[in-house]
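A.B. asks: Take the given structure of chain F and dock chain Z to it, following the hints.
Keeping their order, the protein sequence lines are chains F and Z.
Positions -7 to 292 (the numbering used here) are the ones given, in order, by the first sequence.
Positions -7 to 292 (the numbering used here) are the ones given, in order, by the second sequence.
FYI, nobody ran anything at the bench for these hints, they're computed from the structure.
Since this is a predicted model, take the numbers as computed values, not measurements.
Virtual Cβ for every residue (Gly too), placed ideally from N, Cα, C.
Only true hints are included.
Cβ pair distances, simulated, as ranges: (1) Z:Ala278 x F:Arg33: 56 to 62 Å; (2) F:Val147 x Z:Ala1: 54 to 60 Å; (3) Z:Ser44 x F:Pro115: 34 to 40 Å; (4) F:Asn43 x Z:Asp45: 21 to 27 Å; (5) Z:Asp183 x F:Asn43: 34 to 40 Å.
As a list, the in silico DSBU-like pairs of lysine-lysine whose alpha-carbon atoms are at most 30 Å apart: (6) Z:Lys42 x F:Lys42; (7) Z:Lys151 x F:Lys42; (8) Z:Lys42 x F:Lys151; (9) Z:Lys145 x Z:Lys80.
Derived coverage of chain Z by chain F (criterion: at least 3 residues anywhere in the stretch with Cβ under 8 Å from a Cβ of chain F; other residues may be distant): (10) 97 to 103; (11) 179 to 190.
Number of protein chains: 2
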Amino acid sequence: MKLTPEQVAQFDRDGYLFFPSLFTPEESKLLNDAVPALYERREVYNVREKNSDAVRTNFAAHLYSAPFARLARHPRMVGPVQSLLGDKLYMHQFKINGKMAFAGDVWQWHQDYGTWLNDDQMPDARAMNIAIFLDDVTEFNGPLMFIPGSHKKGVVDAKHDVTTTSYPLWTVDNELIRQLVERAGGHGGFDAAGRHVDGGIVSPKGPAGSMILFHSCLVHASGSNLSPYDRVAVYLSLCAVSNHIRRFKRPEYIAHRDFTPIECLPDDCLLKPYPVDLPWRDGVPASALQTSPDAMKIAA
Amino acid sequence: MKLTPEQVAQFDRDGYLFFPSLFTPEESKLLNDAVPALYERREVYNVREKNSDAVRTNFAAHLYSAPFARLARHPRMVGPVQSLLGDKLYMHQFKINGKMAFAGDVWQWHQDYGTWLNDDQMPDARAMNIAIFLDDVTEFNGPLMFIPGSHKKGVVDAKHDVTTTSYPLWTVDNELIRQLVERAGGHGGFDAAGRHVDGGIVSPKGPAGSMILFHSCLVHASGSNLSPYDRVAVYLSLCAVSNHIRRFKRPEYIAHRDFTPIECLPDDCLLKPYPVDLPWRDGVPASALQTSPDAMKIAA
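The shape of chain F in the complex, shown without the other chains (with noise of 0.2 Å):
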């Protein structure tokens, strides 16, 4: 999948792409009915949520689910970051987010490559970050929510909080949140039809099999989940190869360390049974949980 030079100038302008309905419901449901076998699992990549068993986070399922090992070589969505990075890709991060019916917790105001720099040493910001919605996305469970254009300031100033929520994040200051939504168009308006008119800030919205491409420095936050919905969602963050991260400070299952360009499968590729690797299949390596502090100790 090409992108246009409109959606290229828009993604240069807003820092996200919008893909409404991009797999079919066919194909997203397949996906959905895979997750809650992963999130069952008693493994220390399905983190839950501080006040319940819910999962807020599975990670790495492409190295031990053949459903998300297809979609992460999907040409669907590789092909518009390929587009726009310009370069072979490899997966650097891996996500199933519950944000589940009633237990979905906040993501606070964050830059995800803020972290990728900080723990990871990415050298830049040539990493991209895609949501697909597994669920249907509404206003009233926990949409993802961008400050557009928010992208363009480069690394912010963060600080790691890890009371908030039960997964630690490096979080942008209130302050700053406040200067670049109002730089975006703060609060927005309402047309005279009582139709609130975006500002500052944006949801994108829409039926499961949906997709979001979205800036690696682009801010972005979502509420809680009161709803009787799930809101499952995979975000998968590609890197450039040649960007590859230098320190292998968080676990394997966390930040990748294989660097092996993404070959796509074909456009079906989640309908036909096509053979994937599953390198995870029996259970996490333990060279997977080993850290270093060090630039690329592990690897050497």
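C.D. replies: Below, chain Z alone, put in the same frame as chain F:
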């Protein structure tokens, strides 16, 4: 202000009515400008958020703040309630809920009348909730959410949640919420333009000055406010005088014990300095903090 037969039918069916921009920007600004000085006070009537100093809810401002004392007697607010309850009214509860920028926490799914019955021994659900927006309300600053028609269930089972937030609440069980939402239209859908079509959860949003009137058995909740914009709203609960509470288990600043019927001021009362009585101007009287587990013990 009288309601039309269509509005009465709509209220009966859905359990709420929405009046966008019922108060002018000038009127709502005048009220909103009075809030910070009230929130600053270190008084028992200011309940702060669990994890911050931001005010979650302020009680009884109509007894010590002239602008809010006038709002409590406003014909545009009182008229529709009187039209639906067909009785003289007194003020059962008066709150200014903060839902402040970045800090505003969730209110879990609940009914108000359940609390008024269990704690205050209010005989019937002949009391009405009013919400008046002092800030613009959008999908991003924690709008109120309703399950339309849920008031028809009467009082439903609830459990006393004293842990989730700083304010104890009788909250409704998740499974029952799921059933009520399903019955009311479920998850909703998406139209051809990709807009979400309302299902079993609705969320009236609009400019400051808008008003919602809702049944005291209507199940409602609101999410957190991660945006940089406050969402201050006044919540007034008006009760039919003949339906006054029978027990003073909660302090008087939370559940009022003065059953004198509200006498409305003229329609321009927010803009002109009509005299109003402010009995708590010099502080909350000691008697207002007294409580009793028995019926009408203090009043007797």
